[in-house]
Amino acid sequence: MYDVVVIGSGASGGAVAYTLCKAGYKVVMLEKGRLVKRDEFSKDELAYCRRDLVTPNLFDEYHTIEEKVDGKWEITPTYESGWSFWNGNIVGGSSNLMSGMLHRLHPDDFRLKSKYGEIKGANVVDWPITYDDLEPYYDLTEELVGVSGHYEKHKYEPPRSRTNFTQPPTNENAVVKLIDKSCKALGITSLVTPRAVLSRDKGDRNACYYSNFCGSYGCSSGAKSSSREALIKPALATGNLTLLTNTHVKSLHTSQKDEVDYAVVVDTITGKERHIKAKLFVVAAQAHESARLLFNSANKYHPEGLANSSGELGKNLLFSGGGSGQGELHKESLKEIKFEDLMQTGLFINRSVLDWYFVDHWWDGTFKGGSVEFMFEHQNIISRARKDNYKNAKLVWGKDLGDRVVKRFTEQKSVRFEIFNDWLPNDNCFVALDKTYKDKYGMPVGKLRLEGHPQDIKVGKYIAKKCERILEEMGAKNIYSSVTSSASQNLVAGGCRFGNDPKTSVLNKYCQAHDVSNLFVADASFMPTGGSVAYTWTIYANAFRVADHIVSILSRG
Amino acid sequence: MCSLFSSVHLKYTKRDYDTINKILKGNMKMIKRRQFLIFGTLLGVSPYLKAKEFNVFEKAFQEVEATIAGVQEHLFPRASKLPSAKKMNSTQFVFETMTHKSFDKDIREFVLDGAKELISRENGHFVAMSSVDKEKALRAYEETNYGSSWLSRIMTLTMEGMFCDPIYGSNVKEAGWKALHSFGGQPRPDARYLDV
Numbered sequence: 001m002y003d004v005v006v007i008g009s010g011a012s013g014g015a016v017a018y019t020l021c022k023a024g025y026k027v028v029m030l031e032k033g034r035l036v037k038r039d040e041f042s043k044d045e046l047a048y049c050r051r052d053l054v055t056p057n058l059f060d061e062y063h064t065i066e067e068k069v070d071g072k073w074e075i076t077p078t079y080e081s082g083w084s085f086w087n088g089n090i091v092g093g094s095s096n097l098m099s100g101m102l103h104r105l106h107p108d109d110f111r112l113k114s115k116y117g118e119i120k121g122a123n124v125v126d127w128p129i130t131y132d133d134l135e136p137y138y139d140l141t142e143e144l145v146g147v148s149g150h151y152e153k154h155k156y157e158p159p160r161s162r163t164n165f166t167q168p169p170t171n172e173n174a175v176v177k178l179i180d181k182s183c184k185a186l187g188i189t190s191l192v193t194p195r196a197v198l199s200r201d202k203g204d205r206n207a208c209y210y211s212n213f214c215g216s217y218g219c220s221s222g223a224k225s226s227s228r229e230a231l232i233k234p235a236l237a238t239g240n241l242t243l244l245t246n247t248h249v250k251s252l253h254t255s256q257k258d259e260v261d262y263a264v265v266v267d268t269i270t271g272k273e274r275h276i277k278a279k280l281f282v283v284a285a286q287a288h289e290s291a292r293l294l295f296n297s298a299n300k301y302h303p304e305g306l307a308n309s310s311g312e313l314g315k316n317l318l319f320s321g322g323g324s325g326q327g328e329l330h331k332e333s334l335k336e337i338k339f340e341d342l343m344q345t346g347l348f349i350n351r352s353v354l355d356w357y358f359v360d361h362w363w364d365g366t367f368k369g370g371s372v373e374f375m376f377e378h379q380n381i382i383s384r385a386r387k388d389n390y391k392n393a394k395l396v397w398g399k400d401l402g403d404r405v406v407k408r409f410t411e412q413k414s415v416r417f418e419i420f421n422d423w424l425p426n427d428n429c430f431v432a433l434d435k436t437y438k439d440k441y442g443m444p445v446g447k448l449r450l451e452g453h454p455q456d457i458k459v460g461k462y463i464a465k466k467c468e469r470i471l472e473e474m475g476a477k478n479i480y481s482s483v484t485s486s487a488s489q490n491l492v493a494g495g496c497r498f499g500n501d502p503k504t505s506v507l508n509k510y511c512q513a514h515d516v517s518n519l520f521v522a523d524a525s526f527m528p529t530g531g532s533v534a535y536t537w538t539i540y541a542n543a544f545r546v547a548d549h550i551v552s553i554l555s556r557g
Numbered sequence: 001m002c003s004l005f006s007s008v009h010l011k012y013t014k015r016d017y018d019t020i021n022k023i024l025k026g027n028m029k030m031i032k033r034r035q036f037l038i039f040g041t042l043l044g045v046s047p048y049l050k051a052k053e054f055n056v057f058e059k060a061f062q063e064v065e066a067t068i069a070g071v072q073e074h075l076f077p078r079a080s081k082l083p084s085a086k087k088m089n090s091t092q093f094v095f096e097t098m099t100h101k102s103f104d105k106d107i108r109e110f111v112l113d114g115a116k117e118l119i120s121r122e123n124g125h126f127v128a129m130s131s132v133d134k135e136k137a138l139r140a141y142e143e144t145n146y147g148s149s150w151l152s153r154i155m156t157l158t159m160e161g162m163f164c165d166p167i168y169g170s171n172v173k174e175a176g177w178k179a180l181h182s183f184g185g186q187p188r189p190d191a192r193y194l195d196v
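Chains D and S are the protein sequences, given in the same order.
Here the working numbering is used: the first residue of the first sequence is 1, the next is one more, and so on.
Here the working numbering is used: the first residue of the second sequence is 1, the next is one more, and so on.
With the rest of the complex left out, here is chain D (with noise of 0.2 Å):
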């Protein structure tokens, strides 16, 4: 028998895995998704990015998403819009995908109620914990699976305990001078990004090599900082660890009423189910379907789903809010740099604002900002030749077409911005199972409700304006931004609250179940609230503090 079983292998699943492996304890890894190793990985457009080949087809599997449509909720199967809520079904799990562009949580997203107070129609509540139980594990997450950066005192850059990145930044285009002058001309901070990619060699993973195409596909030399590269592999080394692969957990079960014995596993290419026991069992499986599993693991002693006598299961699911923009840079009218260096790719532009994080201005308000991140648009060829082909609403083809493109590509490029601020928990937020629809394994499949809070909006609009005025500012073109209510479907956390209380919450503050004590969850379900950053960097982090807490009860015995 296994001491521990951990469904899922992406950021929490590897850094349970790790820690407890290295510890001495054997562990089993379900992962629903094959295996793809380092060289196996390619830049291939077509099957990474068009025919999604690393999550499942969603006539086999899919969610249910509800939102309101003229003022009722209608539901539509993902099949049905092409909406998928998969992130990447391969040991690893979307961290093998990822940008990488991180961030820590500030110290008073910990405590947003308290500082802010309540808002009107949002959830909002102080967590269970403070920044300061949480920074050695973000402080290890920098340097065992690696963040580069460099850090700069900022009034909203949390404190650290290690004074600078063990790994300088990742080589930077040109066109950081032109942010950076840009940015100081408007008395706006612009900060070096952290980023979960090498840029110096770790062990056997080799330093970023600069291929130009890192967000949306796996790493070849090991740089990018995954779950597959920086845990798994290390804990597979220890002997300790199984993965299991196309392996998935249909429900667990629970024959006392307060401890599951064992997860029903079903063999994805055979169909043939198992079970396969524990003494503890650890829930990783991004945090709709964490939740989801929750709820099809239902028994007579947890009629509506295990773990949740609170009836907080699934519900106040978060997102990011804030939105994107862009701004073209013509090769006629580049400022600062020469349009040789703009155009050289594969370099990063690792730049972020956080001057927003915050806002307390005698003229706007005081309120819960967010952050902001600088990029290229995404250099994939395909969707960029694709796009915006259109002139007075009629397609563009022939001479025009080639001329049109072909001057996209080389007489401009595009710098885009993304906005993160908290998207609100909200009564219409949540994950439920659906009951008509079924996955292909018969299980009911998980009803996303999706509704944004208007706060939100207003909070990402605030920033687009500052971010538009920087474009502006770098001599940009066409710019534009879209700030929307719009669920990301990449960045999920929420569902399995934790807190003090067992009334008010499915999770301890040890994101121990309160109603199982050998249940776990261990991704970003037990968010309260979200924070105004990519969520990856506190999902390491509080995996590992997690690791930490059952490697304590394990040793007790």
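Keep in mind that a hint or two might mislead.
Said to hold, decoys possible - Within a straight-line C-alpha distance of at most 20 Å, the following computed SDA-like cross-link-like pairs (lysine to any residue) qualify:
#1 S:Lys136 - D:Leu395
#2 S:Lys178 - D:Lys466
#3 D:Lys466 - D:Ile188
#4 D:Lys394 - S:Asp104
#5 D:Lys277 - D:Gly557
#6 S:Lys178 - D:Lys277
#7 S:Lys134 - D:Asp400
#8 S:Lys178 - D:Val406
#9 S:Lys105 - D:Phe59
Unchecked claim - Interface residues of chain S toward chain D, partial, derived using beta-carbon atoms under 8 Å:
#10 Ser152
#11 Ala179
#12 Ser182
#13 Pro187
#14 Pro189
What the hints assert, rightly or not - Over 12 Å on every C-beta distance to chain D, these chain S residues come out as not near it, computed from the model:
#15 Glu53
#16 Phe54
#17 Val56
#18 Glu65
#19 Thr67
#20 Ala69
#21 Lys105
#22 Asp113
#23 Asn123
#24 Val127
#25 Met129
#26 Ser130
#27 Arg139
#28 Arg192
#29 Asp195
These are calculated hints, taken from the structure and not from any lab test.
For each residue, glycine too, the CB sits at the ideal point set by N, CA and C.
Starting from the known structure of chain D, arrange chain S on it as the hints suggest.
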């Protein structure tokens, strides 16, 4: 939320690249799906269509092949800064990519149906038309939402071939990449569709 053939679905204007790629795939979201079997089958052994299914599709494709080729060659003619559809084996690419399991089955159907619709609108004359008449026929077809969406789909498919890795049989000698001075990243795939 699934208006039939609106051009760009605002749902997908969020920040992440994957999503944006999906928008740019064209209008797949807008195609209303046919009734779907709730209990699907488990993965088969072959990632391509099964023999019988393949034969049916091949036959159906042959009926519209010349029309699809005619449209592609009109959208991507010779004497453009982009390589011509003819030189890029664009029609063969469309056929082959649609036979892979990863290809959306509703879009596969739509590609065939849209071509049949064009054939019938033009009473079977489209293929033999002069370039001027083809332009008129396609612009008229574009006036309909259905036709506009179909033409957009053909353009997407042609560009997918022209700008993806040459391993897929289009983008011959990297002519598509050379035209844009933009090249696929390293390492390049050594098999189609991640087949290990």
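Cross-check of the supplied hints:
Distance restraint check for Lys136 of chain S and Leu395 of chain D: the Cα-Cα separation of roughly 13 Å lies within the 20 Å cut-off, and the hinted pair is therefore satisfied. Taking the CA atoms of Lys178 of chain S and Lys466 of chain D, the gap is about 38 Å. The hint is violated against a cut of 20 Å. Between Lys466 of chain D and Ile188 of chain D, the direct Cα distance comes to roughly 9 Å. Compliance with the 20 Å bound is thereby established for this hinted pair. As the CA atoms of Lys394 of chain D and Asp104 of chain S are separated by approximately 25 Å, the hinted pair breaks the 20 Å bound.
Using a Cα cut-off of 20 Å, the hinted pair Lys277 of chain D and Gly557 of chain D holds, with the two alpha carbons roughly 17 Å apart. Our distance criterion of 20 Å between C-alpha atoms is broken by Lys178 of chain S and Lys277 of chain D, whose separation comes to about 56 Å. At most 20 Å may separate the alpha-carbon atoms for a hinted pair to count; Lys134 of chain S and Asp400 of chain D meet this at roughly 16 Å. Under the criterion of a C-alpha separation no larger than 20 Å, the hint pairing Lys178 of chain S with Val406 of chain D is consistent with the structure, at around 10 Å.
Only pairs whose Cα atoms come within 20 Å are accepted, and Lys105 of chain S paired with Phe59 of chain D is accepted, the gap being roughly 9 Å. Contact between Ser152 of chain S and chain D, as hinted, is supported at the beta carbon level, the nearest pair being about 6 Å apart and thus within 8 Å. For Ala179 of chain S, the suggested interface contact is upheld, since its CB lies about 6 Å from the closest CB of chain D, less than 8 Å. Residue-level restraint check for Ser182 of chain S holds (minimum Cβ-Cβ distance to chain D is 5 Å; threshold 8 Å).
Interface hint status for Pro187 of chain S: upheld, as the beta-carbon distance to the closest one in chain D is roughly 5 Å, under 8 Å. Hint status for Pro189 of chain S: holds, given a least beta-carbon distance of 4 Å to chain D, under 8 Å. Consistency note on Glu53 of chain S: stated as away from chain D, and its beta-carbon is indeed over 12 Å from all of that chain's, at 14 Å minimum. Distance check for Phe54 of chain S against chain D: the nearest CB is about 18 Å away, which clears 12 Å, and the non-interface claim stands.
No Cβ of chain D approaches the Cβ of Val56 of chain S within 12 Å, the least distance being about 18 Å, so the stated non-interface status holds. For Glu65 of chain S, the non-interface assignment is confirmed: its Cβ lies about 20 Å from the closest Cβ of chain D, beyond the 12 Å cut-off. Against chain D, the non-interface label of Thr67 of chain S holds: every CB pair exceeds 12 Å, the least being about 16 Å. For Ala69 of chain S, the requirement that its beta carbon stay farther than 12 Å from each beta carbon of chain D is met, with the minimum near 15 Å.
Listed as a non-interface residue, Lys105 of chain S fails to keep its Cβ farther than 12 Å from every Cβ of chain D; the least gap is roughly 7 Å. A cut-off of 12 Å between C-beta atoms confirms that Asp113 of chain S is not in contact with chain D; the least separation is 18 Å. Against chain D, the non-interface label of Asn123 of chain S holds: every CB pair exceeds 12 Å, the least being about 23 Å. With a least beta-carbon separation of about 17 Å from chain D, Val127 of chain S lies farther than 12 Å from that chain, consistent with its non-interface assignment.
Once the 12 Å rule is applied to beta carbons, Met129 of chain S is consistent with being away from chain D; the minimum gap is 15 Å. Listed as a non-interface residue, Ser130 of chain S keeps its Cβ farther than 12 Å from every Cβ of chain D; the least gap is roughly 14 Å. Listed as outside the interface, Arg139 of chain S is inconsistent with that label: its C-beta sits roughly 8 Å from the nearest C-beta of chain D, within the 12 Å cut-off. Non-interface status of Arg192 of chain S relative to chain D is broken: a Cβ of that chain comes within 12 Å, the nearest being about 8 Å off.
The claim that Asp195 of chain S is not at the interface with chain D is violated, since a C-beta of that chain comes within 12 Å of its own (minimum 9 Å).
Going down the numbered hints, you'll see the structure goes against 2, 4, 6, 21, 27, 28, 29, while the others check out.
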